[in-house]
Amino acid sequence: MTTTSGAIAVEKRPDEPAGTVVLDSVTKIFGESTAVDNISLRVEPGEFLSLLGPSGCGKTTTLRMLAGFETPNSGSIRISGEDVLGIPPYKRNVNTVFQAYALFPHLSVAENVAYGLQQKKVPKAEVREKVVSALEMVKMRSFADRKPTQLSGGQQQRIALARALVNQPAVLLLDEPLGALDRQLREEMQLELKLLQSQLGITFIFVTHDQGEALSMSDRIAIMREGKIEQLADAETIYSSPTSAYVAGFIGQQNFFEGTLNKDGNLENSGGKIRAAIPLSAQTGTAVRAAIRPEDITIDSKEPGPQINAISGSLVSISHLGETLQYLVDVGGGHTVLARRPRPGAPRLELKSKVWCTWTPESVLMFHAHEESPGSHDSPEE
Amino acid sequence: MSRLRLPRPILAFPAIGWLLIFFVAPVLLVLWFSFGYKPGVFQTHANDKLSFDRYAEALNPTFFTTFWNTLWVGVAGTLLCLIIAFPVAYWMAAKIPSRYRGLLIALVMVPYWTNFLVRTIGWQIILAPHGWLSAALNWLGLIDGSLDILYTRSAVLLGVVYNYLPLMILPLYVAFDRVSQDMREASKDLGAGRIATLLRVTIPLAMPGIIVGTLLVYIPLMGDYITATVLGGAKGNMAGVLVASQFQTAQNWALGSAMAVLLILLILVSAALAGLIIWLLLLPFNRSRRLVIGVAK
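The listed protein sequences correspond, in order, to chains A and B.
Residue numbers for the first sequence follow my numbering, so the first one is 1 and each next one is one higher.
Residue numbers for the second sequence follow my numbering, so the first one is 383 and each next one is one higher.
Bound-form chain A, shown alone:
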């Protein structure tokens, strides 16, 4: 961003080059509810960061504060090392891809894309050139002179992307841009978005409630909950070592077991014991919750040897998920266990027969039970 006069020269931080986004203890309160609660976050230039969480977790409010549509009640926001508080949206070097695209219906596709450049008084020939290359980038060159209302959802999405990127912002903000697309198109766009982002080297901040979307595209994911960041890490870390039961339940599916910690550091309940490779450091008798991913559970009709991590039940259903088969086992007491095996080599089992589910201690994550999980994945029938 260019500063217009020397009189109000903005102090730039050398350790925050163009494309860096820093939120420092940012809080936003709407009436009685705290939408964003003391968030601090640093996004590196060229990074693809996702803000992931259920609706109402504050992810969209955070994005809107970066765009300049909301002002934080406290804390500071810096973009490319420059404090942007008090700077209106039209003077920030960021652009947004809106959830409903927000294309101007009275302008053609090309005029939509040209809008930002025209505001900056870019010469006409240059506008034309840049619009054409932006449309080519999103493969929409031949639709240039149509009206947005004549385009499909996916095409409108591309135009919204071109309209934002043509301005070469330091940071691109995306507010659930793929939410309105059907599944196949969404997966296609995920790949294209990621490709575009790595080619352009622009910082992307991507808001989504879809964990699959966040996992497939992001360099890092910030999992948000009630206005706070619950965990900030790369996809692999978040998937394999979630720091809380909330994160564990939010990313992917989990089998949750409730119980108390016994003197050996294992979970114990009426059904048996569960051992984790990394025990939870807590007092004996603490209420704990163990989480095991469905793909870490082995299922067989034969009774396994003497081991702790095993449970038997009746096979309720087998569903085909393409590359994997999913087994739902009724283990009694109203509880079910979900197991997933790769299709080649998946065991052939009879419905309603007695089966055994086993898992290694390494696949068990142990948490304090008072942290409730989102979406309640402990009954994995869904």
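Hints should not be assumed to be uniformly reliable.
What the hints assert, rightly or not - Between beta-carbon pairs, the in silico distance windows are:
#1 I478/B to I278/A: 55 to 61 angstroms
#2 S480/B to T27/A: 23 to 29 angstroms
#3 G333/A to K477/B: 54 to 60 angstroms
#4 K477/B to G212/A: 49 to 55 angstroms
#5 S319/A to G575/B: 54 to 60 angstroms
#6 R146/A to V406/B: 37 to 43 angstroms
#7 L581/B to S76/A: 30 to 36 angstroms
#8 D526/B to S76/A: 57 to 63 angstroms
What the hints assert, rightly or not - From the derived model, a few chain B residues whose C-beta atoms are all more than 10 angstroms from chain A:
#9 W400
#10 V423
#11 T447
#12 V457
#13 A518
#14 L580
#15 L644
#16 L658
#17 V674
None of these hints come from the bench; they were simulated from the model.
The C-beta atom is built at its ideal place from N, Cα and C for all residues, glycine as well.
For this one, chain A is given, so just place chain B on it according to the hints.
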């Protein structure tokens, strides 16, 4: 089990029939009368001899003065309504929490439900030369002596703006309400300030409502004779008053019809001309923003 099913478009026929009988037919009748004459003191019109003589009769200097006056009040009144209603409607549609909007619309509409004549006579009391407004302005030292506004063109202007304002506010409100906040935010996000967003996004998208509101105020305002009669007197005369007096007082339907036809033509031509002028004025602006890419070579 067969039931008689009427074609769906039948639902449009009552309205079309109504317009044919009570709008098209009277207008044609007026046009027909305008080519006739008033044969005697006790007859209003006759059409056995057709001529343009009534038009020649109508186009006298008094009539031109009154027409000019009407056009002035019509254009100024419509512009004032537009200028006043614009921020109100925008504020109601874009800035006010939605739970208060119903109340605000009611506040705009309730005075409109009161009888037109009663409301206009109310202004007579307010604007009276020695009325309370006059006294208040004297007390404030803004004027000295009586308030000399009643029975002038200014009083008529005040009256029509007051009477027709709701007809402008409502269509503008609906128009602005349909321009979503997303649109304005997208515009600002792309570097357009408040004014640029207003000119390039909000107004173009609200244009159908602006045109509807303008016509909804301009057309009845040009034909209004109640406001002009009550507040205008001799100095604030309007064409509608002339037409009414020919029909009601002079009982000369032929001349009254000719005047009415001329008034209709004035409204149509002036509205079309205004549209053309605005379009021509905006042409360079629109041209500079147009961008046609064409097909790839």
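| Structure-inconsistent hints, enumerated in ascending order | As far as the earlier hints go, 4 and 17 are violated by this structure, in ascending order.
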